[in-house]
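**Q** Taking the hints into account, I'd like the entire structure generated from these sequences.
Protein chains in written order, with the working numbering: chain A, 1 to 388; chain B, 1 to 226.
Don't read these hints as lab results, they were simulated from the structure. Quantities reported herein were computed from a predicted structural model and do not represent experimental measurements. It is possible that part of the hints are untrue.
To be verified - Heads up, simulated DSBU-like pairs for lysine-lysine below, C-alpha to C-alpha not over 30 Å straight-line:
1. A:K162 - A:K60
2. A:K60 - A:K152
3. A:K14 - B:K121
4. A:K109 - A:K60
5. B:K15 - B:K218
6. A:K14 - A:K60
7. A:K162 - A:K152
8. B:K140 - B:K114
9. B:K140 - B:K122
10. A:K15 - B:K218
11. A:K14 - B:K140
12. A:K15 - B:K15
13. B:K121 - B:K140
14. A:K202 - A:K152
15. B:K140 - A:K15
16. B:K118 - A:K14
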Amino acid sequence: MSGVGLVWSNLFRKKVRTVLTLLSVLVAFVLFTMLRSVAVAFDSGGFGPAGVDRLQVSPKFSIIDPLLISQLREVERVPGVAAVTHADWFGGIYQDSRNFFPKFPVSPKSYFEMFSEFAIDPDQLEAFQNTRTGAVAPAGMAARFGWEVGDKIPIEGDIYPKLDGSRLWEFDLVGTYLHGDRRDETGSGVFLFHYDYFDEAKQFGQGQVGWLTVRVEDPEQAAEVASAIDALFENSLNPTRTATEDEAQREFARQQGDIGLMTTGILAAVFFTILLLTGNTMAQSLRERVPELAVLKTFGFTDGSVALLVLAEAVLLGVVGGALGVGLGTLAMMAIEPQLQQFFGLIEVTWPVVASALGIALLLGLVVGSVPALTARRLSIVDALRAR
Amino acid sequence: MAIVELRGIEKSYTKGRETVDVLTGINLEIDEGDYLALMGPSGSGKTTLLNMIGGIDHPTSGSVVVGGESLNGMSGRALARWRSRNVGFVFQFYNLLPVLNARRNVELPLLLTKLSGKQRKKNADTALEIVGLGDRASHKPGELSGGQQQRVAIARAIVADPSLLVCDEPTGDLDRDTAEEILDLLAILNREHGKTIVMVTHDPKAADHASHVLHLDKGRLSGDAS
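**A** Set out below in structure tokens:
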């Protein structure tokens with residue numbers, strides 16, 4: 001038997017109590033792992049790696065305000081701008097509202113030139129350009145819904161009705177594309193269709209777009225270019241806010257709600273409860289074996305080593321519960337991530353999340369164990385044996 | 001040769017504004033290999049005196065020398081180290097750890113030594129053999145009778161091979177027959193293994209096993225009967 005064996009044996013003196021406490025710690029860390037991962041994904045925009053040379057030009061005050069397609073021409077003339085494209089949020093429902101995926105009307109050629117990391121067959125891109133009702137879908141999404149090139153994809157326009165009052169938009173699937181990342185496996189990504197068709201067929205908002213994406217000639221000049229673009233529209237009816245693509249994704253996420261603050265609030269409440277629960281368990285466990293600890297001291301265990309034994313039990317409880325929780329949370333996240341991805345983008349349990357969970361688990365053990373350890377340290381052999 | 005030398009021991013506690021004298025003017029020498037029984041009524045100071053001999057309590061004044069080492073000036077840490085090498089304790093209520101089996105309970109004091117795990121286990125098994133419980137090594141305290149638990153506690157007390165055993169009412173929780181077995185075992189440890197034993201007891205029959213009996217009354221040693 002080693003010191004660790006002694007600590008482990010003591011921890012399971014009351015098996016049911018320890019297992020229940022361990023379970024509550026475990027559940028807290030499952031929650032931590034999942035919520036923090038969602039918050040991290042949400043905060044980063046979660047839609048894949050942003051281009052270092054791309055800026056996003058958005059409406060200054062709200063994502064529901066429009067920009068004008070005519071602004072694109074003016075942006076093209078700003079010094080330092082290499083290329084510009086545009087997109088818009090279409091909304092829309094495919095068959096059932098649970099089949100959520102983003103749908104953007106775009107100009108095919110400029111869009112795929114801008115997002116050159118997306119891979120599309122040149123013939124299919126040409127077909128997309130030349131077919132006004134054409135659309136392309138991520139290959140994973142096509143597989144997910146069983147679409148094939150040549151299929152008609154009906155979408156109900158919940159934001160945009162058509163000129164004739166109907167809400168049924170029908171698109172001809174002319175191709176599929178690959179993101180080159182995990183979205184290809186999970187079937188998420190953006191359904192793209194022809195802006196020209198959208199602009200002429202929608203009931204209102206002609207000539208409007210949601211945002212512009214700009215490629216700058218020199219990424220080191222991105223800040224100056226962004227300022228120049230915003231200055232250009234400062235006193236117009238459609239003022240802009242230009243940011244790097246990365247920052248724009250985060251900004252978009254923040255406009256949905258401060259997920260980080262919400263998750264922090266929930267987790268703080270959970271951990272406060274766990275702190276009280278495990279603290280109570282440790283205090284109760286200490287009370288039950290005051291004479292035993294005194295006996296250890298009679299054998300020659302020092303005050304410090306007895307305190308360390310007690311502290312180690314709390315730390316072991318916290319770290320084992322935390323590690324199991326992180327493991328289970330990771331598995332659970334992997335299981336539900338494809339469903340969450342459409343709302344939060346790519347979600348991964350990152351090493352910083354794992355490290356912070358284990359750090360908190362260690363801290364939890366130290367905080368919970370410190371008072372019992374101090375009590376054990378101060379324990380007088382004579383008083384403890386007399387109390388027996 | 002004296003293994004325990006107590007000179008001018010006084011011990012008092014303060015209870016509120018009142019000072020309670022527990023031990024007064026104790027002078028005592030215990031020879032190596034002796035088997036001493038300390039008797040006296042409750043509250044006479046027997047356990048306090050035993051605790052001082054075992055290095056778990058300090059006198060208010062006076063000197064305690066055990067095995068040639070003065071315990072008076074020792075820090076808590078030094079005393080702990082000293083106890084681990086020199087004293088084995090046996091208690092009335094055994095004080096075994098219920099979560100550990102007999103072997104592991106006996107092995108506990110050896111965790112403080114540099115012995116390997118294998119050697120610790122071997123020594124623990126030897127100690128259990130000495131007390132006649134070699135076949136109960138894997139039993140937990142809850143699976144043993146009171147007498148067997150006290151034997152395990154004695155094995156734990158001798159496993160580090162201390163020269164001095166201090167026993168506080170070792171038969172106080174046992175029936176007569178089992179108590180006799182325990183007392184016989186202590187006598188064997190004294191006679192055949194050369195352990196010096198200081199035993200506190202209320203029981204005159206238990207005291208009969210000792211080679212010397214001292215009486216304490218109101219904190220004073222009142223006589224020496226062999």
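**Q** All hints, please: hold or fail.
**A** Hints versus structure:
1. A:K162 - A:K60: Status holds; Cα separation ~28 Å.
2. A:K60 - A:K152: Violated: A:K60 and A:K152 sit about 37 Å apart, past 30 Å.
3. A:K14 - B:K121: With a Cα-Cα distance of about 26 Å, the restraint between A:K14 and B:K121 holds, given a limit of 30 Å.
4. A:K109 - A:K60: 27 Å, holds
5. B:K15 - B:K218: Cα-Cα ~17 Å, so holds.
6. A:K14 - A:K60: 61 Å, violated
7. A:K162 - A:K152: Holds, because 17 Å separates the two Cα atoms, which is no more than 30 Å.
8. B:K140 - B:K114: 25 Å, holds
9. B:K140 - B:K122: 18 Å, holds
10. A:K15 - B:K218: Status violated; Cα separation ~46 Å.
11. A:K14 - B:K140: Holds, at roughly 15 Å.
12. A:K15 - B:K15: Distance of about 41 Å is beyond 30 Å: violated.
13. B:K121 - B:K140: Given pair B:K121, B:K140 holds - Cα atoms ~16 Å apart, limit 30 Å.
14. A:K202 - A:K152: With Cα atoms ~19 Å apart, A:K202 and A:K152 stay inside 30 Å; holds.
15. B:K140 - A:K15: 15 Å, holds
16. B:K118 - A:K14: 29 Å, holds
Hints 2, 6, 10, 12 from the list above are not met by this structure, while the remaining hints are.
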